[in-house]
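Colleague: Mature numbering (1 follows the signal peptide of the UniProt record, and there is no 0) puts the sequence shown at residues -19 to -1, 1 to 595.
Hint data in this document are derived by calculation from the structure and do not stem from the laboratory.
Treat the hints loosely; a few may be bogus.
Dumping the calculated EDC-like pairs for lysine to aspartate or glutamate here, alpha-carbon to alpha-carbon at most 16 Å [as the list claims (entries may be wrong)]:
| no. | residue 1 | residue 2 |
| --- | --- | --- |
| 1 | Lys266 | Asp521 |
| 2 | Lys343 | Asp393 |
| 3 | Lys498 | Asp241 |
| 4 | Lys265 | Asp519 |
| 5 | Lys169 | Asp209 |
| 6 | Lys219 | Asp541 |
| 7 | Lys16 | Glu51 |
| 8 | Lys454 | Asp241 |
| 9 | Lys405 | Glu385 |
| 10 | Lys466 | Asp519 |
| 11 | Lys440 | Glu420 |
Quick caveat, the model's predicted, so the values are computed rather than measured.
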Amino acid sequence: MKNLFCATVFTLFSLAAVAQTPLSANSGHSHNDYKQNIPLLRAYYAGMGSIEADVFLKDGQLFVAHELKEIKPGATLLKQYLEPLYRLYQENGNHPYANHQLKLQLVIDIKEDYQHVLPQLLKELKPFQDMVNKPVNPDAVSIVVSGDMPAPENFKNYPALISFDGRPATVYTQEQLERVAMISDDLKNYTVWNGKGTPTKIDEDKLLKVINAAHQQKKPFRFWATQDSPNTWLELEKFGVDWINTDAPEKLRDFYLRKDKLTYTNPVAYPVYQPTYQSDGPAKKVKNVILLIGDGMGLAQIHAGWIANHGNLNITMIRNSGFSQTAASNSGNTDSAAGGSAIAMGEKTNNRYIGMGPDDKKRTNLADTLAGYGIKSGIISVGDITDATPAVFYAHQLDRSYSEAIAKDFLDSHVDILVGSNQKSFLQNPDTGLMKKLEAKGYTLSKSVADFKQKSSGKQLVLLPDSATRPVKDGRGDMLAQSLKQTIKLLSANKKGFFIMTEGAQIDYGGHVNDLKYVVTELHDFDKTVAEALRFADQDGETLVLITADHETGGLTLLDASAAEGRIQGEFSTNDHTNIMVPVYAYGPHSGDFTGTYPNNEIFKKIMKLFTGK
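Kindly generate the complete structure, drawing on both the sequences and the hints.
Modeller: Written out as structure tokens, the structure is:
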């Protein structure tokens, strides 16, 4: 179970560490646990450090229920909690959890008549002395009494194997305080905040005051009656709450399990390019188009990148923007093949189709169409060059997975420069003569960006090792920006102009694995590439820069952020694509033509009109 928990464990009796130790799933308090469809075990296997059972005394037994009328036959503390917990304890070598660092307290909330309930509780605990006698065994399960409790001056009348749930308003002597396991209170006593957003400053001061008072007594603190939402948990943690109250233990576990992947801080911002805007907007000739596709990049990803770069992006320097509707022809939710094909060929098609219409027939893509007008083209990806988004600009296949067939299709393409990874599909293609045929067609092969940058003219096939397109967070470097700069340099020699598609492929990868750092570091790399496009557009004056996405990936939601710190925390709703509209940013001549909301295949039509007037 070592990998089940992602943060430092909160140890109840390490009182010096109270409110200083990062929270984890073991900081969860399973409130009203007996209401779960599987009492104890759902919370236990979610790694909760505190589990609560409300009890009533009836017919000489302790039953777990919220009200007397809810008591069910057989639903006893003994059968639902003590006996199964004892079996687990023994299986774990006399520890609450298999991970011996994790602690557990069982909170017995007495609903009424503690005078009779406590003797019965002690009687029922007796067979499990080795599991519950915390004073003797530090690895025991802590038994904490809450609800209807004896007055503090009477704590001493009960054996030390039970402790008590304290209250902020109660004044304890030092002797009494030693019997208090934690301090708890109803959140509503301090604020009307419902867990959404943040409390008011006045209420925040109230919350901090009561929490800090508990910490000054070296006691952990818990609020009950809190909302179950990531935002609530984040806010409570920021205030210093030690036990996170929850009725959804598995949801809380998953939140803390993935917390490292849902949080990212970029301590130092990179500078952004300041456009001149001199060529931005006028209805003058467009000679070149640089289309940058951030695969999986929605507004949330862009805003996350903006926050992490301390409130600045090259993308957000652009004044004109619109929205692209990404649905496929056979589904409301597109994949990169259908989304990219719509942009590349001007017609919506089926998911998984590469440059094919919904009638299973080939369509002429943008690069091949423009070649008829003397316009040269380059296709660049920071991922597999046979993957869907780059492939739709040179290949025609009924399934995006046909990597070797896609590579072979490049032989019939009019693309002048192709840059990306996946050497195998080309160099070890079933058509063993593919590379010689490409060489005969005029292509020069490079296997590194450094080698590519030495080329001064001609058609280029740049097949990089997979390591060259590893994630930015793993040390890739600026391969994408350098490839775009070199492609622009080579194609600028063409008097009739050029078209370049540059893909930030791995924004999508980060969304699929729900890794916010992955998403943002890839978006920043993509954004730095945008800067190179904007810089050239200002120098050239006849270049239109377009930035968009084929779809959004992950359903990213931003929960907590500070642009001043470059810090963000988020949550994902899916590991797949979503149907959310994606932005289209435009800079240069005719940039205003791309404002508004339109289907993604309209991007093709708008580009063609600017190049050809048709």
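Colleague: Checking against the hints above, which ones are violated?
Modeller: Result: no hint breaks.
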